[in-house]
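Asks: One-letter residues, chain by chain:
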Amino acid sequence: MSAPLVHVRDLEVRFVTRDATVHAVNGVSFDLAERESLCILGESGSGKSVTLRALMGLNPPRRTKLSGTVRVGGHDILAASERRLADIRGGTVSMIFQEPMTALDPVFTIGRQIAETVMRHEGLSRASADARALELLELVQIPSAKRRLAAYPHELSGGLRQRAMIAIALSCRPKLLLADEPTTALDATVQIQILLLLRRLQQEMGMGVIFVTHDLGVAGEIADRVAVMYAGKFIEEGPVRSLMRAPLHPYAQGLLGATVHSGMRGERLTTIPGAPPNLERVPKGCAFAPRCALVEEACLPAVPTFRSPFPGHAARCVRVRDAA
Amino acid sequence: MLLYLIRRVLYAVPIALAVGLVCFMLVQIAPGDPINAIVPADAPQEVVEQVRRDYGLDKPLPVQFGLWLGRVVQGDLGRSLATGRPVTADLVPAVANTLTLALVAAGIGFVLGTLLGTVAAVFRGSLLDKAAVGLAAAGVSVPHYWLGMVMVVLFSVTLNWLPAMGAGPGGSGAWAWDWAHAQFLVLPAVTLSVIPMGIVTRTVRGVVMELLNQDFVTTLRGKGLRRGGIALHVVKNAAPSVLAVMGLQLGYLMGGSILVETVFSWPGTGFLLNSAIFQRDLPVLQGTILVLAIFFVALNLVVDLVQTALDPRIRRA
Amino acid sequence: MSTTTATPGTLVVPAPAPAKGRGYWQGVARRLSRDPVTLFFGGVLLLMALAILFAPWIAPHDPYQTGMIRRLRPIGFQDWRYPLGTDELGRDMLTRLLYGGRLSWFLGITPVLIAFAIGGTLGVVAGFAGGWVNMLIMRTTDVFYAFPSVLLAVAISGALGPGISNAMLSLTLVFIPQIIRVAESTTTSVRNLDYVESARASGAGAFTIVRAHVLPNVLGPIFVYATSLISVSMILASGLSFLGLGTKPPEPEWGLMLNTLRTAIYSQPLIAMLPGLCIFLTSMCFNMVSDGLRSAMDVRG
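Quick note, the sequences are listed as chains F, P and X, same order. Okay, so the first sequence: first residue is 1 according to our numbering, each after it adds one. Okay, so the second sequence: first residue is 1001 according to our numbering, each after it adds one. Okay, so the third sequence: first residue is 2001 according to our numbering, each after it adds one.
These are calculated hints, taken from the structure and not from any lab test. Built from N, CA and C at the ideal position, the CB exists for glycine as well. Be aware that a few hints might be false.
[Said to hold, decoys possible] Just a few of them, taken from the derived set where beta-carbon distance is under 8 Å, the chain P residues facing chain X:
1) P1031
2) I1035
3) V1153
Full structure from sequences and hints, please.
Replies: Encoded structure:
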């Protein structure tokens, strides 16, 4: 078996400021095979975006303390210099951001922003980079692409802006595409179009994709596997069907209960009481225990290890039966 | 775009007219008979009355303003009470001298300010940042007429490197581009550059800091751009607001150089104003202020238009 | 949800003003107490204020007492009676600097205070009333903005002639438009906030809205802006005196002292620099304290 596209072991991310240290990610491990897609699901502040950014060393360099192992396409990300990272970013790995309005430079044309990426990584001339930019806009199905090359971000609709963002991310045919809540800022109808586009492009270009979202519907639409994140840890991981149908962890069950999806007409919507823990201190036991309706003595002394009742699906909860 | 251009230019017209009105009123608020702004106080009574009729000063104020405006538009700013020469005769070379001084000072201030501001923003929170912020605060707090005197004491009196006063060898007012003349420019220009240096440092630091926190900078890093590539984006984003501040500062230098010109006896508009104030030479005072203010209005207009041209987000119609 | 049965209109929901109560000011005080730079400059400012306030008791000499035989004594303790030397007419520098501060501070601060009252009022009115009132006030402001501030001060002062009241009048006229602009834009933004809208919807009168909801939220930013003008005002006021437009001799005032001592820069340069140093120090302190206040009160812009 060849090395996986992404290999993460015991990733910890802390943000250190003068006033406090925030433990944003506390020991995340996972692998991603080529062409596979993983969705990281969680509330805001659960550390999912930070994990994603750590995969390309994008967290603010001065305040961030990283430890563990992160290998992407054979590159050791945590050991790489900023110069080395710059070569990997946009080439091997690229990223789509949540808010295309602020993630695009407002005073550069869309065409220019695509072209400069291509010129940076493939050393193309300006003319051939512009030609590539046009192809890319057509690839992401932007109508009258030629005219849109000269448009500024504020002249496009939200959906078109996100397509342009995707075009930038795909411009150098990355092996791994990271997407940070790519549809959250969009209208519901546009969300579906963008998701379908991403799924098609992933299949056509054979990329690995890691998606971060708080929206279960998005997860079901695009992912092979889903990981649920809470307080800086993966607390459940499994194939999308299995996880959506029968979540193991009470938190994952709560998340499903708090979301409206088809096939639950007539069921009551539930909410999870309380709020996620303050990450200035790492909780000793199960981080979800204070909000959990099924909490018991065993939850408190230490963080529960992963228990897997059936192959490929596991959760960090003492109540889950371990078959292995 | 063209429509905006026309509208912006048209908007400057009432402002210019109002500026004219304020200048016209300067003579009206001055103590004593406005006629004293035209004829010397010791002129014979018949002459005074003759002039009063000729200039329409016996007519109501609005008519007087119209008449005055008519003369001004034709380039007639009246005659100096002190010298009897047309105001424009002294004003034109003075404006040229002040413009030279202001441009050189602005050049020094803008380059230093941009440099300091950028360094401060990039190394935010470092000692360099603190030094730049402190220097900028000192720059905007220092009374520049005093700084001028300190410069004179240091570089003219103590070190004897540079001349302390005037604008050319032998007290000549004529400017030429050689060291014999340029050395006279050094001290006043450096003194005057301190304020724009401070303001530009603060502006650039603020703008660049805010830009570096923008999401799109993360995108640029995520695309693999190196420092130079990101800098290009920052510069283009920062340019409109920084240039606007710089334009205003150039205007403030033109109008604010009076104190520094007085310290260095620089033969510019400030010097002219100063002597006009001392001799209560109201036509010179009025004419100089009018010309400087109109210059400022025009500069504001240019700054606005340049800003619009540079920033694609502003599509004013 | 039983309250929803009340008839519409009988249930008046009091519009909550955003938290600017005790908690806010406690936060401001806490942030200030953690800001050593601001505290330092504030302390220096306080010392200076006390010194010039108690000048008649501290000053060793009479500020007007000239003495031709002791002109331009050097700084230092060769003569312990004149630690900061004497000026070009033999008057004690330390005494004149202490007394000079009174006039310089007065000339620098008063125009800002008057402009704060007048400009603040006009700006809040313009921002709250909108419409033609706003148009009238703001377009007039534009005209004054067409002059660089030093030029405007010199122009008005120069036309009116020298004198303390003329200098203060011209400075006040310079600052009023600047304060109007800040007050107008802050008021306009507060006026459009939801809670003011809801106060309006619940039938509160214009006066009540301004007093209860607008003023508490706009006074802070206007005040901070005004404090930043004090530094400029000090420099301008002394500058006018330096040009001979403010105070008249033999009155002690830093700008005027700087001017009359210009003749001494060849013989006693250090003494000639002293009044300017005082202006610089004061202006710098006001600037730093204003910056500190701005960040402690979290005022943007």
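Asks: The structure should be examined with respect to each hint, and the outcome stated for every one.
Replies: Results for each hint:
Look at P1031(P): its Cβ gets to within about 6 Å of chain X, closer than 8 Å, so that hint holds up. Taking 8 Å as the C-beta cut-off, the interface hint given for I1035(P) is violated, the closest approach to chain X being about 15 Å. Residue-level restraint check for V1153(P) holds (minimum Cβ-Cβ distance to chain X is 4 Å; threshold 8 Å).
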